[in-house]
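Chains as they are written, first to last, in the numbering used here: chain A, 1 to 284; chain B, 285 to 460; chain C, 461 to 737.
Keep in mind that the hints were calculated from the coordinates and are not lab data.
Keep in mind it's a predicted model, so treat the numbers as computed, not measured.
Note that beta-carbon positions come from the ideal geometry of N, C-alpha and C, so glycine has one too.
Please note: incorrect hints may appear among the correct ones.
Restraint-style ranges between C-beta atoms, simulated for each label pair [as the list claims (entries may be wrong)]:
1) C:ASP520 to A:LYS134: 26 to 34 Å
2) A:GLY127 to B:GLY351: 19 to 27 Å
3) C:ALA512 to A:HIS169: 58 to 66 Å
4) A:GLY127 to C:ALA719: 18 to 26 Å
5) A:ASN89 to B:ARG347: 19 to 27 Å
6) B:ALA341 to C:ALA719: 55 to 63 Å
7) C:ARG501 to B:GLY361: 39 to 47 Å
8) A:ALA180 to C:ALA722: 49 to 57 Å
9) B:ARG347 to A:ARG173: 34 to 42 Å
Beyond 12 Å from chain A on every Cβ pair, some chain C residues (computed) [stated by the list, open to error]:
10) ASP524
11) ALA548
12) PRO582
13) LEU588
14) THR616
15) ALA719
Residues of chain C placed beyond 12 Å of chain B at every Cβ, according to the derived structure [said to hold, decoys possible]:
16) GLY482
17) GLY490
18) LEU721
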Amino acid sequence: MTVQVRELRKRFGRTTALDGLTLDVGPGVTGLLGPNGAGKTTLLRVLATVLAPDSGSVRVLGRDPGDPKERTEIRRRLGYLPQEVGAYNGFSVREFVDYVAVLKEHTDRKARRAEVDRVIELVDLTGQAYTRIKTLSGGMRRRLGLATAYLGDPELLVLDEPAVGLDPHQRLRFREVVSADPRRTVLLSTHQTEDVAALCREVVVVNEGRVLFRGSPAELAASARGRVWRNDVRDPGADLAWVAGDGSTRQIGDPPAGVELVEPTVEDAYLVLVGAKALEPAAV
Amino acid sequence: MRGPQDDAALLRAVADGDRSALRALYDAHAPWLVLRLTRRCHDPELVDEVVQDTFLAVWRGARRWDGRGEVAAWVWGIGVRRLLDALRRRPQAALPLVEGDTALVVSAEEQVLLGIEHGDLGGAYARLSPELRAVLQATVLDGLTSKEAGRLLGIPAGTVKTRVMRAKAALREDLA
Amino acid sequence: MTVTPAAGWHPDEPALQDYVDGHLTGLSAGSVEAHVLGCPRCRAALRTAVPASRLDRTRDLLEDRLDQAARPRPERGLARLGVDEADARALLAAPSLRLAWTLAVVAAALLGLLLAEAATRPDAVFLLVAPLLPLATTAVAFAPALDPAFAIVAATPYRTVRLLLARSLAVGLTSVVAVALAALALPDRDVTAVVWLLPAAALTLLVLVLAPQLGTAPAAAGVAAAWVALNGVLERRGLGMDWVEGAAAQGISAVLAAAALAALVHQWAGLDRGGRA
Chain A
1 MTVQVRELRK RFGRTTALDG LTLDVGPGVT GLLGPNGAGK TTLLRVLATV
51 LAPDSGSVRV LGRDPGDPKE RTEIRRRLGY LPQEVGAYNG FSVREFVDYV
101 AVLKEHTDRK ARRAEVDRVI ELVDLTGQAY TRIKTLSGGM RRRLGLATAY
151 LGDPELLVLD EPAVGLDPHQ RLRFREVVSA DPRRTVLLST HQTEDVAALC
201 REVVVVNEGR VLFRGSPAEL AASARGRVWR NDVRDPGADL AWVAGDGSTR
251 QIGDPPAGVE LVEPTVEDAY LVLVGAKALE PAAV
Chain B
285 MRGPQDDAAL LRAVADGDRS ALRALYDAHA PWLVLRLTRR CHDPELVDEV
335 VQDTFLAVWR GARRWDGRGE VAAWVWGIGV RRLLDALRRR PQAALPLVEG
385 DTALVVSAEE QVLLGIEHGD LGGAYARLSP ELRAVLQATV LDGLTSKEAG
435 RLLGIPAGTV KTRVMRAKAA LREDLA
Chain C
461 MTVTPAAGWH PDEPALQDYV DGHLTGLSAG SVEAHVLGCP RCRAALRTAV
511 PASRLDRTRD LLEDRLDQAA RPRPERGLAR LGVDEADARA LLAAPSLRLA
561 WTLAVVAAAL LGLLLAEAAT RPDAVFLLVA PLLPLATTAV AFAPALDPAF
611 AIVAATPYRT VRLLLARSLA VGLTSVVAVA LAALALPDRD VTAVVWLLPA
661 AALTLLVLVL APQLGTAPAA AGVAAAWVAL NGVLERRGLG MDWVEGAAAQ
711 GISAVLAAAA LAALVHQWAG LDRGGRA
């Protein structure tokens with residue numbers, strides 16, 4: 001197991017971000033699905049070794065992030081994309097990636113140049129290599145951050161909302177890139193259930209600092225079987241209902257007898273687990 | 285095949301800070317530059333250094349190109365001056381600019397430049413004295429100013445000018 | 461062999477080969493060279509005459525020099541002083557450093573102006589304000605929150621603490637120099653111009669010790685407020701600012717600074733995470 005987390009707790013003032021979270025993550029792409037405030041970002045920050053938990057045990061790549069020497073060893077094998085890609089606006093794309101590469105101990109200049117070219121090419125930013133970061137769109141900044149995460153071909157990639165701001169074509173390309181090497185462990189958080197269904201070998205649903213579900217996307221969808229149905233109007237047992245494309249009302253909750261049950265999607269199952277909170281507008 | 289318009293476009297891109305355009309210019313022009321410099325300097329390491337200096341200067345000075353004439357000619361103008369600087373640092377590396385001629389291939393451009401109509405130019409050129417050939421090579425063929433040619437050959441600029449006149453006169457007389 | 465004066469003349473293959481092999485000399489070589497300047501086709505033909513490895517090597521060196529030239533001058537200066545590339549880059553990259561430096565210079569200049577023109581008791585004003593300058597500017601340089609790329613930087617193997625310390629040091633020293641220059645505006649160049657140093661060191665180091673626990677801004681504000689309050693109290697007791705010059709004040713400052721330094725060293729051994737600052 002690349003990542004092992006047991007009973008992780010973290011509070012910020014009066015807010016509890018992680019409430020005894022337990023999780024294992026292995027090679028392949030694992031999706032972290034949950035509403036805002038669920039604790040996804042906090043968990044990812046702990047695993048990326050940039051935040052210390054209050055209590056609980058964490059092992060990343062077989063090492064303990066609490067020990068300074070082991071922490072440095074983890075960081076040598078880790079790539080992290082934070083929720084906000086802060087970068088120096090005056091730098092060009094290449095300059096910034098080069099800067100991070102230097103910090104990641106790529107000391108040989110010629111090799112570093114090749115590596116920087118490689119990751120910039122990976123995220124399709126070669127055309128913008130000499131452009132100032134100031135002028136980049138949000139999606140491009142995201143790709144810039146992704147490029148820095150891929151420096152050094154890390155064993156573990158921790159990506160916080162990597163696909164935000166990407167258009168459908170870029171999203172497809174992103175999926176290709178991220179799932180290219182099945183031996184690498186990728187843990188990414190997202191709101192988008194389509195990304196999870198298309199991309200993840202495993203999905204973990206979190207809410208209120210705890211794990212609600214862990215399994216394959218198919219298993220997640222199947223968990224909602226019998227709780228999703230279709231009708232012309234909203235039925236009393238429905239927790240959530242919305243009008244589908246064909247004009248009928250899709251509903252989840254406790255179906256009344258005799259209604260037409262439908263095969264649940266990953267999104268349905270997610271909503272069943274998380275409830276109305278999932279439909280709150282995302283704080284972008 | 286890359287034409288003169290493409291070179292001009294590349295140079296404009298370089299003036300805008302496009303490193304890949306500089307790379308493309310390097311790929312197109314470094315080979316002939318190496319060959320041309322090698323005929324004037326027998327130290328390959330120095331030649332390579334001058335090539336670097338040249339393209340560095342191209343990077344810095346791309347904005348100063350006036351947009352007229354061949355980009356390659358402009359590059360040579362930079363290259364030969366960088367060569368001059370390098371040779372001043374290490375004078376023993378220069379090849380003598382004057383050698384004996386064997387087979388001759390002459391272009392129309394050369395004849396026009398020398399102000400000569402027709403005839404056995406190559407032979408007439410070979411019959412010139414070494415000092416006269418040296419100034420012709422430096423000024424007419426390499427495009428140096430009288431001052432620069434003087435610095436290269438170790439003579440005053442005025443002497444360069446008079447020798448060029450004498451050389452042209454001698455050629456005209458020989459071919460008349 | 462003689463002339464084909466038509467436009468569109470090209471040296472044929474054997475002629476080009478002769479040129480490459482160095483068999484052509486003088487005017488003949490010269491005419492090939494002059495022709496090449498205007499002929500992309502012949503230039504392309506000459507490309508194979510020079511070994512690719514040689515061209516590649518020169519190109520790599522060229523790229524290197526271009527990269528070096530592109531680095532900002534302060535970074536090149538540091539490199540020449542023998543500072544490690546990573547350290548130099550990390551030190552200068554964040555805008556927070558420039559911000560802190562600007563702050564130091566501007567504030568010191570204002571202080572100097574104040575001392576020269578406005579203050580009725582320049583010594584007192586100086587002793588009150590001077591220690592606050594390194595405190596404030598160091599806090600600005602130290603605050604990870606002011607480094608936009610901090611989240612990414614923190615996850616790299618580079619020791620973040622080293623970075624923050626280096627920045628704080630650089631800024632701290634600069635502001636000390638700036639304030640020392642401002643001290644030139646004092647009417648009597650006496651011991652006042654020196655006694656502020658130990659209190660300044662103590663206050664600044666105290667902020668750095670408290671910053672990881674409380675956050676940089678609260679720590680800085682708190683320590684600054686405590687200093688001002690302490691002076692206010694002593695002022696009311698009739699002591700004025702002279703107390704700073706006393707052996708007691710200097711001694712306490714020295715002890716406090718040393719203790720803070722020791723605490724810092726101990727604390728930072730285990731702290732190189734983002735923290736909440």
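Here is how each hint holds up against the structure:
1. C:ASP520 to A:LYS134: 26 to 34 Å: 30 Å, holds
2. A:GLY127 to B:GLY351: 19 to 27 Å: 26 Å, holds
3. C:ALA512 to A:HIS169: 58 to 66 Å: Between ALA512 (chain C) and HIS169 (chain A), where Cβ atoms are some 36 Å apart, the hint is violated.
4. A:GLY127 to C:ALA719: 18 to 26 Å: This hint is violated: roughly 56 Å between Cβ atoms.
5. A:ASN89 to B:ARG347: 19 to 27 Å: Holds, at about 25 Å.
6. B:ALA341 to C:ALA719: 55 to 63 Å: 58 Å, holds
7. C:ARG501 to B:GLY361: 39 to 47 Å: 22 Å, violated
8. A:ALA180 to C:ALA722: 49 to 57 Å: Given range 49 to 57 Å: holds, Cβ gap about 50 Å.
9. B:ARG347 to A:ARG173: 34 to 42 Å: 36 Å, holds
10. ASP524: 6 Å, violated
11. ALA548: At about 9 Å from chain A, ALA548 (chain C) fails to clear the 12 Å cut-off, so the statement is violated.
12. PRO582: 40 Å, holds
13. LEU588: 34 Å, holds
14. THR616: THR616 (chain C) is in fact no farther than 12 Å from some Cβ atom of chain A, at 4 Å.
15. ALA719: 23 Å, holds
16. GLY482: 7 Å, violated
17. GLY490: 4 Å, violated
18. LEU721: Non-interface label stands for LEU721 (chain C): nearest chain B Cβ at 46 Å, farther than 12 Å.
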